[in-house]
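Use these hints to put chain B onto chain A, whose structure you have.
Heads up: the protein sequence lines correspond to chains A and B, in order.
Start counting the first sequence at 957; every next residue gets the next number (the numbering used here).
Start counting the second sequence at 73; every next residue gets the next number (the numbering used here).
Think of the hints as simulated: they come from the structure by calculation, not from any bench.
Note that CB positions come from ideal geometry on N, CA and C, so glycine has one too.
Worth double-checking, as some hints may not be accurate.
Here are some, though not all, of the chain B residues that point toward chain A, as calculated from beta-carbon distances under 8 Å [claimed, not checked]:
{"no.": "1", "residue": "THR112"}
{"no.": "2", "residue": "SER113"}
{"no.": "3", "residue": "TRP114"}
{"no.": "4", "residue": "ALA115"}
{"no.": "5", "residue": "ARG120"}
{"no.": "6", "residue": "ARG209"}
{"no.": "7", "residue": "VAL236"}
{"no.": "8", "residue": "LEU237"}
{"no.": "9", "residue": "PRO238"}
{"no.": "10", "residue": "SER368"}
Sample of chain A residues with no beta-carbon within 12 Å of chain B, all distances over it, derived [unchecked claim]:
{"no.": "11", "residue": "ASP983"}
{"no.": "12", "residue": "ARG990"}
{"no.": "13", "residue": "ASP1048"}
{"no.": "14", "residue": "ARG1121"}
SDA-like mimics (lysine to any residue), calculated; alpha carbons at most 20 Å apart, straight line [said to hold, decoys possible]:
{"no.": "15", "chain 1": "B", "residue 1": "LYS201", "chain 2": "A", "residue 2": "GLU1019"}
{"no.": "16", "chain 1": "B", "residue 1": "LYS201", "chain 2": "B", "residue 2": "PRO228"}
{"no.": "17", "chain 1": "B", "residue 1": "LYS444", "chain 2": "B", "residue 2": "GLY425"}
{"no.": "18", "chain 1": "A", "residue 1": "LYS1065", "chain 2": "B", "residue 2": "TYR123"}
{"no.": "19", "chain 1": "B", "residue 1": "LYS444", "chain 2": "B", "residue 2": "ASP303"}
{"no.": "20", "chain 1": "B", "residue 1": "LYS429", "chain 2": "B", "residue 2": "ARG458"}
{"no.": "21", "chain 1": "B", "residue 1": "LYS402", "chain 2": "B", "residue 2": "GLU466"}
{"no.": "22", "chain 1": "A", "residue 1": "LYS1096", "chain 2": "A", "residue 2": "ASP1133"}
{"no.": "23", "chain 1": "B", "residue 1": "LYS201", "chain 2": "A", "residue 2": "ALA1088"}
{"no.": "24", "chain 1": "B", "residue 1": "LYS444", "chain 2": "B", "residue 2": "GLU466"}
{"no.": "25", "chain 1": "A", "residue 1": "LYS1130", "chain 2": "A", "residue 2": "ASP1094"}
{"no.": "26", "chain 1": "B", "residue 1": "LYS201", "chain 2": "B", "residue 2": "GLN146"}
{"no.": "27", "chain 1": "A", "residue 1": "LYS1061", "chain 2": "A", "residue 2": "GLY980"}
{"no.": "28", "chain 1": "A", "residue 1": "LYS1061", "chain 2": "B", "residue 2": "GLN146"}
{"no.": "29", "chain 1": "B", "residue 1": "LYS201", "chain 2": "A", "residue 2": "GLY991"}
{"no.": "30", "chain 1": "B", "residue 1": "LYS444", "chain 2": "B", "residue 2": "TRP390"}
{"no.": "31", "chain 1": "B", "residue 1": "LYS201", "chain 2": "A", "residue 2": "ALA995"}
{"no.": "32", "chain 1": "B", "residue 1": "LYS201", "chain 2": "A", "residue 2": "VAL1023"}
{"no.": "33", "chain 1": "A", "residue 1": "LYS1130", "chain 2": "A", "residue 2": "ALA1088"}
{"no.": "34", "chain 1": "A", "residue 1": "LYS1096", "chain 2": "A", "residue 2": "GLN1108"}
{"no.": "35", "chain 1": "A", "residue 1": "LYS1096", "chain 2": "A", "residue 2": "THR1112"}
{"no.": "36", "chain 1": "B", "residue 1": "LYS201", "chain 2": "A", "residue 2": "ASP1094"}
{"no.": "37", "chain 1": "A", "residue 1": "LYS1129", "chain 2": "A", "residue 2": "LYS1065"}
{"no.": "38", "chain 1": "A", "residue 1": "LYS1065", "chain 2": "B", "residue 2": "GLN146"}
{"no.": "39", "chain 1": "B", "residue 1": "LYS444", "chain 2": "B", "residue 2": "ALA314"}
{"no.": "40", "chain 1": "A", "residue 1": "LYS1061", "chain 2": "A", "residue 2": "MET957"}
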Amino acid sequence: MRIVIIDDSGLRATVLEEGLREAGYDDIHIVPPRGAFVARLERMAPDVVLMDLGSPSRDTLEEMLTVSRALARPIAMFVDQSDEAMIGAAIDAGISAYVVDGLRKERVKPVLELAVRRFNAFARIQAELEEARTALSDRKVIDRAKSILMAQRALTEQEAYALLRSSAMNQGKKIVDVAQALITASDLLGGGI
Amino acid sequence: MTTNLRIAFLPLNDVAVLAAARERGFAEEEGLALELLRTTSWATLRDRLVYGQVQAAHMLAPLAVAVTLGLSQQPAALAAPYKLGVNGNMLVMSRDFAAALDPDPASRITDPLATAHDFAAAIGLWRRKPVIGVVHRFSSHALMLRYWLASAGVDPDRDVVLRVLPPSLTVEALHAGEIDGFIAGEPWGSAAIDAGLAEAVAVGERIWRRGVEKVLAFRQNWMEENPDVADRLLRALARAAAWCDQPENHDALAHLLSDPRYVDQPADLILRGLTGRIVTQAGEAPIANPDFMLFSREATPFPWRSQALWIYSQLARWGMVEHSAENAAKAGDVFRPDVFRRALALSDVPMPGASMKLEGAVELPLAVGSRKGDLTLGPDRFFDGRVFDPERIEDYLAGFAQGR
Chain A
957 MRIVIIDDSG LRATVLEEGL REAGYDDIHI VPPRGAFVAR LERMAPDVVL
1007 MDLGSPSRDT LEEMLTVSRA LARPIAMFVD QSDEAMIGAA IDAGISAYVV
1057 DGLRKERVKP VLELAVRRFN AFARIQAELE EARTALSDRK VIDRAKSILM
1107 AQRALTEQEA YALLRSSAMN QGKKIVDVAQ ALITASDLLG GGI
Chain B
73 MTTNLRIAFL PLNDVAVLAA ARERGFAEEE GLALELLRTT SWATLRDRLV
123 YGQVQAAHML APLAVAVTLG LSQQPAALAA PYKLGVNGNM LVMSRDFAAA
173 LDPDPASRIT DPLATAHDFA AAIGLWRRKP VIGVVHRFSS HALMLRYWLA
223 SAGVDPDRDV VLRVLPPSLT VEALHAGEID GFIAGEPWGS AAIDAGLAEA
273 VAVGERIWRR GVEKVLAFRQ NWMEENPDVA DRLLRALARA AAWCDQPENH
323 DALAHLLSDP RYVDQPADLI LRGLTGRIVT QAGEAPIANP DFMLFSREAT
373 PFPWRSQALW IYSQLARWGM VEHSAENAAK AGDVFRPDVF RRALALSDVP
423 MPGASMKLEG AVELPLAVGS RKGDLTLGPD RFFDGRVFDP ERIEDYLAGF
473 AQGR
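Just chain A, with the same shape it has in the complex (with noise of 0.2 Å):
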C-alpha cells in the first residue's frame, strides 16, 4: 500500500511516517503542498493520502482528484463513512484522509487509527513546546525586574522576588505581567538596567 502524507511541518510528516514505517509499512512518500506538488502526487499514483486537515492547499488537491485522469480510481475522503467515531477523531486530530475507491477498509483503518494517534502526539509535543518557550520568556522578565528592583532599592533576589510577588497577588495579575510592567516603567524613567 502506497502512502503519499502532504505536508508543510517537515517534523510533523516525520513524526508520522516513522510511526508508520515501525507499523511495516514502507512505500511511504513525503510531498510539501507547493508548486507542482499535484502532478508529483499523479504520479505516484497512491492509494491513501494524509493531509493536514489545516493545509489551505486541500481545495487545490480536491480539484485534482476531481479532474485527473492519471488517477484511474477515483479518490474519496474517508473509506467507511459509517465509522464516525473514526472519522470524528480525524477530524479533531486535524486530519483529511484520501483513499482510493475499492481499499477494504480493514486495511486502511490502521493507518488512520495510527495516523490520529501521531497527530494528536504532535499536538501534544507541539503545545508542550510552546509552554516552555513561553517559561523560559518569562523567567527572562522576572529576572530583570528583580535585577532593577535589587539595583533601585538595595534589596536582595529573594526580598525583590517576594515584592514582585505580592504586588502581583494585590493587584490580582500574573508576575510575569507585574515584572513586565515594571521593567517598562523603569525604561521610561531612564532607569538604566
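Only chain B this time, still in chain A's reference frame:
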C-alpha cells in the same frame, strides 16, 4: 438560557454579517453565543459542517448545492435559509496581461462585454494559456468567470487554465508567477492591486448585478430538529446585516474585520470592498461602485429558490451534473425561503410575496409585491442581457452556444 453555536467561516469580507452578529451583540440579544471557527480551505469548512463539528457555515452557495447533489465528497442534504450577501468579487490580472486590455480600468469594469472580447484577444497574445486562480470549482466566482468568458467565445475548460487555490494564497501565488490573475472575494483582489501585482479587470457586480454569493448553510436535518435555534440565528443575522449595510458603520465594520480572528488584513483594504470605492490600479483614485456588495437592502438575504436553480443551471451547463428534473428539484430545495419567512415573520424585514422570480429581468429599481413593508428590488441584470426563467431550464441551457 444561552445556546452555543459553532459556525465555520473563511477569512473574507462577506463574513461581515456573522462577525457583526457576534461582536455587536445581535446574537446575544437572541440568546445565542456564537463561536466562529476560522478555516483555511472550503474542503475543511465543508467537512466540519457535513460531519457535524459545526452547526452552520459561511458557505459558497454553489458548494451547498454541490454537496447536496453529491458532487463534492460525502453527500449530505444542506439547507440555506439565509444569504449572507450578494457580490463583492473582483477579477484581477497581472499587469503584463492587463496591458493587452483597455488601458483605462474604469471603462474595463463598466463595460464587461467589451472587456470579455478584449480578454479573448489577449489570450491569443499571451505566451501560453493564461492561468486564472479560482477559489473553488463550486464557487460563485468560478461560475461567473465561466459565464463571462464564454460570452466572448472563450471555452473556460479549453482556452484557459482554471487553478483552484484558497483566497488567502492568491496574492502569494500571483507574486510567485504561478497564476496570471485570479477572481476572489474581497479583500484579496484589492490586496493584489495594492501590492502592485495586478489590476482590476472585472467586478462580479457588473457581470450579474445581484449575484448570489455566500449563504448560511446548515445540515438540513439539524435545521429541522432545531427550528427555534435556527430562527433565532436568522433574526440576529437580519439585524446584523442591516447594521452592516449602513454607510456610517463601514469604518467600524472594516476595523472589526481586520482583527486577526477574522480577515487579518489592513482595515483600509477591507473598507474598499465594503464601500465599493475600488482602487483599480496601485496609486490611482478609487472608482465608485455603490452596489459592489450588499448585505441587507432589497431583501438581499432572502434565498430565492430561482437563484439556487440558476446555480444548478450553470453546473449542468458545464457538465458538472447531469440535468434531470430530480436533480433540479434537489438543487432548488437547498434554498429555504420557507424558513426565512418563518424566522422573520414578526420582524420588520420586508418579505417578498413569491419564492421564485425571473433572474436578470430587472433593469431599474422595481417596487414589488411584499407581504409587509416596502420592497424595491435593485437591477439584477446579467451583463449579456439573458434572463433566467426557473420554469424553463432546458430552454435556458439550449440558449448557450457550444451546446453548453
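- Is the Cα-Cα distance between LYS1096/A and ASP1133/A 20 Å or less? It holds: about 12 Å lies between the C-alpha atoms, which stays within 20 Å.
- Message: Hinted pair, alpha-carbon criterion (20 Å max): LYS201/B, PRO228/B. Please report holds or violated.
- Response: 11 Å, holds
- Task: Tell me if LEU237/B is really an interface residue toward chain A, meaning its C-beta lies closer than 8 Å to one of theirs.
- Result: 6 Å, holds
- Message: Check the hint pairing LYS1096/A with THR1112/A against an upper bound of 20 Å on the C-alpha distance.
- Response: The hint holds at about 17 Å.
- Task: Using Cβ atoms only, decide whether VAL236/B comes closer than 8 Å to chain A, and label the hint accordingly.
- Result: At 4 Å from the nearest chain A Cβ, VAL236/B passes the 8 Å test, so the hint holds.
- Query: Hey, LYS1061/A versus GLN146/B, does the alpha-carbon distance stay inside 20 Å?
  - Reply: 16 Å, holds
- Query: Can the restraint linking LYS1065/A and GLN146/B be considered satisfied, given a maximum Cα separation of 20 Å?
  - Reply: 18 Å, holds
- Given SER368/B was flagged as interface, is its beta-carbon under 8 Å from a beta-carbon of chain A? This hint is violated: SER368/B lies away from chain A, its Cβ roughly 29 Å from the closest one there, beyond 8 Å.
- Query: Is it true that the CA of LYS1130/A sits at most 20 Å from the CA of ALA1088/A?
  - Reply: Judged against 20 Å, a Cα distance of about 17 Å means the pair holds.
- Does PRO238/B meet its interface restraint, that is, does its C-beta lie within less than 8 Å of any C-beta in chain A? With Cβ-Cβ at 4 Å, under 8 Å, it holds.
- Query: Does LYS1065/A pair with TYR123/B here, judged by a C-alpha cut-off of 20 Å?
  - Reply: 18 Å, holds
- Measure nothing beyond the straight line between the CA atoms of LYS201/B and ASP1094/A; if it is 20 Å or shorter, mark the hint as holding. 55 Å, violated
When each numbered hint is compared with the structure, violations occur for hints 10, 12, 13, 23, 24, 26, 30, 36, 37.
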